[in-house]
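These protein sequence lines map, in sequence, to chains A and B. The opening position of the first sequence corresponds to residue 1 in this note's numbering, with each subsequent residue numbered one higher. The opening position of the second sequence corresponds to residue 1001 in this note's numbering, with each subsequent residue numbered one higher.
Honestly, the hints are just simulated from the structure, not real lab data. Among these hints, one or two may not hold up.
With beta-carbon atoms standing in for the labels, derived distance ranges [what the hints assert, rightly or not]: (1) B:Lys1152 x A:Tyr20: 19 to 27 Å; (2) B:Asp1029 x A:Val100: 21 to 29 Å; (3) B:Ala1231 x A:Lys252: 49 to 57 Å.
List of simulated lysine-lysine pairs, DSSO-like, C-alpha gap at most 27 Å [unchecked claim]: (4) B:Lys1152 x A:Lys152; (5) A:Lys135 x B:Lys1032; (6) B:Lys1032 x A:Lys152; (7) B:Lys1267 x B:Lys1233; (8) B:Lys1128 x A:Lys135.
Footprint (simulated), chain A over chain B, 3 or more residues, beta carbon under 8 Å [what the hints assert, rightly or not]: (9) 1052-1059; (10) 1098-1106.
Bear in mind the structure is a predicted one, so any value in this text is a computation, not a measurement. Ideal Cβ placement from N, Cα and C applies to all residues, glycine included.
As a plain string of letters, each chain reads:
Number of protein chains: 2
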Amino acid sequence: MYNQSGLKKIVNTALVNLTYNTESDRLIDPVKYVLSMGGKRLRPVLALMACNLFSDKIDDAVLPVTGLEIFHNFTLIHDDIMDKAQVRRGFPTVHTKWNVNQAILSGDVMAFIANECFLQSPAHLLAKVLRVFNKAAIEVCAGQQLDMDFEKATIVSQDEYIRMIELKTAVLIAASAKIGAICGGADDRNAELLYEFGRNLGLAFQIQDDILDVYGDMKVFGKTSGGDIIAGKKTFLYVRASEAGSLDQRKKLQDLYVSDSFEPEEKVKMVTEIYDLLNIKFISEKVVAEYLRNALGYLEKVNVAHERKEELVRMTDSLSGRDH
Amino acid sequence: MYNQSGLKKIVNTALVNLTYNTESDRLIDPVKYVLSMGGKRLRPVLALMACNLFSDKIDDAVLPVTGLEIFHNFTLIHDDIMDKAQVRRGFPTVHTKWNVNQAILSGDVMAFIANECFLQSPAHLLAKVLRVFNKAAIEVCAGQQLDMDFEKATIVSQDEYIRMIELKTAVLIAASAKIGAICGGADDRNAELLYEFGRNLGLAFQIQDDILDVYGDMKVFGKTSGGDIIAGKKTFLYVRASEAGSLDQRKKLQDLYVSDSFEPEEKVKMVTEIYDLLNIKFISEKVVAEYLRNALGYLEKVNVAHERKEELVRMTDSLSGRDH
């Protein structure tokens, strides 16, 4: 069995060794740049773990699942344009380092480089893999649309928020787990269980991310604490507080979020105070734990020997402890 | 056998009846909008003609080749952002009617809606169809990159220009013809001949477009005469004149192209005068005719009864007479 860090190395090697059948360096330089920024490689690593659940041989899955990472980075490049984000993983974003037009175009080509990776799937699995990926890709776009819509919305319910992150984040993680399972030879039922495992993991992952943005350790996560608050981004914590708070607290929260009259640090402090009064960190962590429990419940049902699941269980457990 | 206008109707019906598996109208409205603008539907119509060369039954090809039109419109939306184009086919462009972020995202989702169409290919042809499409898609991005690079370049050679339009325009038309042939059951040799037919047709098509921008009838083509000159866009006429002109003419042409000190109409008049002095219209038309002759040469070699080729020959002939 492979472990997480071994799989990450395999994925990174595959990414470095990718050949681009194009004559334009200008087009591909931003692609190489964004892929060299690092990151957890969560999607392809998870896919290879899911593959490894069912098969000792994962070689044939490596190139196809690399497409998941390329697609993910394509969405990051375009999202960063839309969000006017200057920095990603400590590096200037593509549209900052080059320009918006270059970021649009180099992003676009990544969608087809991702396809090229999926086209390396074993012939008898190709249609299945592509259908799962492509459905998720369309959903990710719909999720980004909802995220954009929410920026302008005054009120976003918890259910609406969960649906947004399900589409924007969780379905691709779900698809990753399912595609890995398919490549490993899983039957339809097991592949579907992996999808549900990944979907719940993805929801937990995003809410955990929202928590860490406010309560995480800046040195570990490389983000300014409260970046979402400063950017006025509606997070799980925000929508939950908006639902749980008194009329007074809700109003204060809304005003703080749209106001320009506070220093960023002060804004973070005042929003966090409301969160703390409402016990939002604890409540959110409970929601994360519940999604992780759901994820493990689906994994439990997968019809393979218990020992084969250990690495996925470990990954799931480590998620709940990301702030340690 | 189907004729061109019958096939266009079939394609338009397929486009109108497309179902989008997404819950967000905001995401899909711009997609429907751009697809409702009309246009020749050249790529899917050509694909269905190529299919019809080899098979009387084209039904199974309709949905897959619709993906070609959707992909093409995806590139138009993003190109219009990059070119800051306000109007397309007489309608406000997507980023003008909505905004840049919406145009990026609704464009993106079309890349995957196109995939969804190709995924409707008959199972035994799926891998082939997708490989041909995806190679072309990556090349189209490289062509757009060259086009962007050329904007900043002082000198672009005729060879460089031809390579740019080959990538940006011709390879997708080539891929369309080839994909249609594959769907019709063509063998590899015939499919490749259709690719070369389409590639040459596409080159002729783009150069003809460049000619019509200057010498076409505005009422027929719905474009302001000389739009490329006003926009400072390097066309076949421009690069040819730059190579053929005297040092003096070349300098005058370059200066005119970058200058802001002339009224648009005057600029068009002065550039056209240089073109006329150098006989550029005639020379360019000869190049178009040569590419069309090449195209017909490849079609000639296709191993099916002569009568089956009549509609494709008619289409090719009509292209050379697009200004009548």
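Hints versus structure:
1. B:Lys1152 x A:Tyr20: 19 to 27 Å: 22 Å, holds
2. B:Asp1029 x A:Val100: 21 to 29 Å: Holds: the Cβ-Cβ distance is about 23 Å, inside 21 to 29 Å.
3. B:Ala1231 x A:Lys252: 49 to 57 Å: At roughly 52 Å between Cβ atoms, lysine 252 (chain A) and alanine 1231 (chain B) fall inside 49 to 57 Å, so the hint holds.
4. B:Lys1152 x A:Lys152: This hinted pair is violated, its Cα atoms lying about 37 Å apart.
5. A:Lys135 x B:Lys1032: At roughly 19 Å apart (the allowed maximum being 27 Å), lysine 1032 (chain B) and lysine 135 (chain A) satisfy the hint.
6. B:Lys1032 x A:Lys152: 23 Å, holds
7. B:Lys1267 x B:Lys1233: 13 Å, holds
8. B:Lys1128 x A:Lys135: 21 Å, holds
9. 1052-1059: Not satisfied, violated; 0 residues make the cut.
10. 1098-1106: holds (count 5)
Checked against the numbered hints above, the structure violates hints 4, 9; every other hint is satisfied.
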